[in-house]
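Asks: Each chain is listed here by its residues.
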Amino acid sequence: QSALTQPASVSGSPGQSITISCTGTSSDVGTYDYVSWYQQHPGKAPKLTICQVTRRPSGVSDRFSGSKSGNTASLTISGLQPEDEADYYCSSYTTSNTYVFGTGTKVTVL
Amino acid sequence: QVQLVQSGAELKKPGTSVRISCEASGYTFRTYSIQWVRQAPGQSLEWVGWINAGTGQTRSSQKFQGRVAFSRDTYATTAYMHLSSLRSDDTAVYYCSRDLPDTGFFDYWGQGTLVTVSS
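Chains A and B, in that order, are what the protein sequence lines are. Quick note: the first sequence uses this note's numbering, first residue 313, plus one each step. Quick note: the second sequence uses this note's numbering, first residue 2, plus one each step.
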């Protein structure tokens with residue numbers, strides 16, 4: 313099972329919007345709506361940010377939103393803030409009853 | 002509140018094995034699965050496998066099959082991951098996390114356990 317493909321880095325100025333893509337296959341992202349996104353600050357455990365493609369867990373800012381089209385899922389951060397600077401990983405359930413993570417994207421707030 | 006507390010850092014020699022524990026509290030242990038994820042230094046997250054804490058059913062990534070085993074003690078509300086035949090590229094932080102079956106996401110995570118494999 314190959315890792316889902318994400319851009320290595322994305323940057324934006326405070327207040328701007330950015331979008332991170334997550335490309336998989338018909339064996340994972342394209343088949344299930346079990347795509348989730350995790351935010352990870354340096355030295356910390358990952359934090360669930362988006363689940364089931366579009367759902368925002370309680371306590372997560374509404375500046376975070378998710379979507380999916382075909383084999384590609386996306387995470388959008390609106391109104392970028394300094395605390396959003398972190399690594400972001402997507403994840404998907406697969407047809408093999410396993411999970412796969414993305415390659416990770418480093419978000420920089422300029 | 003939901004908490005997953007993992008055992009401390011380990012230093013192991015190549016060829017040996019390691020067992021990491023993950024003690025859960027604040028929820029009904031048997032209702033959820035425990036997922037295991039690792040992260041090598043400077044690398045992305047990598048899914049290792051899961052154990053259904055209620056049924057004991059397990060599933061692991063093909064990459065680790067034959068080397069990894071999962072178990073749980075429902076009375077101690079603790080899950081375990083055992084990794085054998087350790088190699089230097091097994092050096093990583095290992096995380097446990099909670100997953101409600103058939104929902105596809107990991108909502109709470111442990112603090113991580115650093116396993117260093119070095120001669």
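Hints should not be assumed to be uniformly reliable.
[Claimed, not checked] Okay, derived cross-link-like pairs now, DSSO-like style, lysine-lysine, Cα gap no bigger than 27 Å in a straight line:
1) A:K380 / A:K359
2) B:K13 / A:K356
3) A:K356 / A:K418
4) A:K418 / A:K359
5) B:K14 / A:K359
6) A:K418 / A:K380
7) B:K13 / B:K64
8) B:K64 / A:K418
9) B:K64 / B:K14
10) B:K13 / A:K380
11) A:K356 / B:K14
[As the list claims (entries may be wrong)] Which residues of chain B face chain A? A partial, calculated answer using Cβ under 7 Å:
12) K14
13) L46
14) W48
15) T59
16) D91
17) Y96
18) P102
19) F106
20) W110
21) G113
If you are wondering where the hints come from, they were derived from the structure by calculation, not from laboratory data. By construction, the Cβ of each residue, glycine as well, lies at the ideal position given by its N, Cα and C atoms.
Asks: Taking the numbered hints from earlier one at a time, note which ones the structure violates and give those numbers from smallest to largest.
Replies: 5, 10, 12, 15, 16, 18
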